[in-house]
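Asks: Required output: the full structure, derived from the provided sequences and hints.
First to last, the protein sequences are chains W, Y and A. Per the numbering used here: the first sequence = residues 1 to 147. Per the numbering used here: the second sequence = residues 148 to 294. Per the numbering used here: the third sequence = residues 295 to 441.
Hint data in this document are derived by calculation from the structure and do not stem from the laboratory. All figures in this text were calculated on a predicted structure; none of them were measured in a lab. For each residue, glycine too, the CB sits at the ideal point set by N, CA and C. Be aware that one or more of the hints could be misleading.
[Stated by the list, open to error] Ranges between beta-carbon positions, derived for each pair:
no., chain 1, residue 1, chain 2, residue 2, range
1, A, Leu376, Y, Ser228, 18 to 26 Å
2, W, Thr119, A, Glu382, 37 to 45 Å
3, A, Pro356, W, Gly113, 44 to 52 Å
4, W, Leu82, A, Ser375, 19 to 27 Å
5, W, Arg84, Y, Thr160, 45 to 53 Å
6, A, Gln323, Y, Gly236, 44 to 52 Å
7, A, Trp414, W, Asn10, 17 to 25 Å
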Amino acid sequence: MTVSIRYFQNHLTLPPFRRGFHVITRAIQDAMPQIGEIRAGMLHAFVQHTSASLTINENADPTVRLDFEDHFSRLMPEDPSLYRHVFEGPDDMTSHIKASILGSSVSVPISRGRLALGTWQGIYLCEHREQMRRRTLVLTAHGEIGD
Amino acid sequence: MTVSIRYFQNHLTLPPFRRGFHVITRAIQDAMPQIGEIRAGMLHAFVQHTSASLTINENADPTVRLDFEDHFSRLMPEDPSLYRHVFEGPDDMTSHIKASILGSSVSVPISRGRLALGTWQGIYLCEHREQMRRRTLVLTAHGEIGD
Amino acid sequence: MTVSIRYFQNHLTLPPFRRGFHVITRAIQDAMPQIGEIRAGMLHAFVQHTSASLTINENADPTVRLDFEDHFSRLMPEDPSLYRHVFEGPDDMTSHIKASILGSSVSVPISRGRLALGTWQGIYLCEHREQMRRRTLVLTAHGEIGD
Numbered sequence: 001m002t003v004s005i006r007y008f009q010n011h012l013t014l015p016p017f018r019r020g021f022h023v024i025t026r027a028i029q030d031a032m033p034q035i036g037e038i039r040a041g042m043l044h045a046f047v048q049h050t051s052a053s054l055t056i057n058e059n060a061d062p063t064v065r066l067d068f069e070d071h072f073s074r075l076m077p078e079d080p081s082l083y084r085h086v087f088e089g090p091d092d093m094t095s096h097i098k099a100s101i102l103g104s105s106v107s108v109p110i111s112r113g114r115l116a117l118g119t120w121q122g123i124y125l126c127e128h129r130e131q132m133r134r135r136t137l138v139l140t141a142h143g144e145i146g147d
Numbered sequence: 148m149t150v151s152i153r154y155f156q157n158h159l160t161l162p163p164f165r166r167g168f169h170v171i172t173r174a175i176q177d178a179m180p181q182i183g184e185i186r187a188g189m190l191h192a193f194v195q196h197t198s199a200s201l202t203i204n205e206n207a208d209p210t211v212r213l214d215f216e217d218h219f220s221r222l223m224p225e226d227p228s229l230y231r232h233v234f235e236g237p238d239d240m241t242s243h244i245k246a247s248i249l250g251s252s253v254s255v256p257i258s259r260g261r262l263a264l265g266t267w268q269g270i271y272l273c274e275h276r277e278q279m280r281r282r283t284l285v286l287t288a289h290g291e292i293g294d
Numbered sequence: 295m296t297v298s299i300r301y302f303q304n305h306l307t308l309p310p311f312r313r314g315f316h317v318i319t320r321a322i323q324d325a326m327p328q329i330g331e332i333r334a335g336m337l338h339a340f341v342q343h344t345s346a347s348l349t350i351n352e353n354a355d356p357t358v359r360l361d362f363e364d365h366f367s368r369l370m371p372e373d374p375s376l377y378r379h380v381f382e383g384p385d386d387m388t389s390h391i392k393a394s395i396l397g398s399s400v401s402v403p404i405s406r407g408r409l410a411l412g413t414w415q416g417i418y419l420c421e422h423r424e425q426m427r428r429r430t431l432v433l434t435a436h437g438e439i440g441d
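Replies: Encoded structure:
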């Protein structure tokens, strides 16, 4: 048996999203069509910013994303007396903390040309800043090529 | 030197665990015996659910796992007035939040045929729902084959 | 086209750091010079301890790291009445919880021989214990070799 291993790497610049949690599974799949060539492997998505993050959660009910936003804002109150680093406003340091709690990257297995997500799982971009901005992801897919 | 690279992917369906934190390192190793063939590489474990999670922590003292359960339940109180998404009960939305804080996956290096965990590290399944259910993991091991 | 895939694995033992958050990007790069050989791939850093963690955040302003320490200590109060597992002191169980919230590992893409970190991103060692100690990381870099 000859097995061929490949690494693919693409950038994905997302349009500005408003503060909150957004399902971006489709945008990631569209930006990395080579997932379809991989029999068994991994997809890694990495956000190159320190005030936005990536996580995996429920993909169907939009109120889940609203509850996420409420919860994280409750847990990290925007009270400037609590933080030193508030140069860019009361949502500056809180955004950094949220980003580290949720994480800069997600890894999803690839099986037979598809992301092996569970039925209800989607990939979220978590935008923590009030001021919307474009966010860049680095996508890396690697694995065994074939059917 | 000829180096051979391989990817292995197996599913592991765990028996229902009660709400709380459970060490599953052994079940993962048993479900992925190919770890033993890998000289240098990575193991990725991914839970295909949005109300359970995976983390790495202390493997010896069971009170650590009880303290984890207490802490996360204190931090995410099951007060339905705080959440919109409580269709499946007061532990519905809180389970989603816990899952994203702890994460859907863990990655562990493989060195000379073994998981390179520290002496006190084990892999936990974190079951956040009150109602027990079977949970499916996708395990991916990849790396250089050989001794 | 002939593509060569390689896995590199090195250990990095850090000097004792005081409790808090510390940028260690340079130490990781120095301990894994083979990043420079990888055209497209991944770097994985893994801490083999359960009371220290790794995360990615702002690399420039030292007050961010102070705010991180304050926030996590506020969120996980060292009140022994809240925890069973306090054999090693009031910072014992709280350190385990912080380690799981922040995580045991970070994964960063490698592009053209460099870590594909954003401009403001650095890798933090998060030391949660009061008593300083040496911490060991396992670094794994893998990917396609070439320019």
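Asks: Do Arg84/W and Thr160/Y keep their Cβ atoms within the hinted range of 45 to 53 Å?
Replies: 48 Å, holds
Asks: Given the range 17 to 25 Å, decide if the beta-carbon distance of Trp414/A to Asn10/W lies inside it.
Replies: 22 Å, holds
Asks: Is it true that the C-beta distance of Pro356/A to Gly113/W lies inside 44 to 52 Å, as the hint says?
Replies: This hint holds: roughly 46 Å between Cβ atoms.
Asks: Cβ-Cβ distance between Thr119/W and Glu382/A: within 37 to 45 Å?
Replies: Distance hint for Thr119/W, Glu382/A holds at roughly 42 Å.
Asks: The hint says 18 to 26 Å between Leu376/A and Ser228/Y; measuring C-beta to C-beta, is that right?
Replies: 24 Å, holds
Asks: State, for the Cβ atoms of Leu82/W and Ser375/A, whether the hinted interval 19 to 27 Å holds or is violated.
Replies: About 24 Å separates the Cβ atoms of Leu82/W and Ser375/A, which means 19 to 27 Å holds.
Asks: Lying within 44 to 52 Å: is that true of the beta-carbon distance Gln323/A to Gly236/Y?
Replies: Between Gln323/A and Gly236/Y, where Cβ atoms are some 48 Å apart, the hint holds.
The structure is consistent with each of the numbered hints, conforming to all of them.
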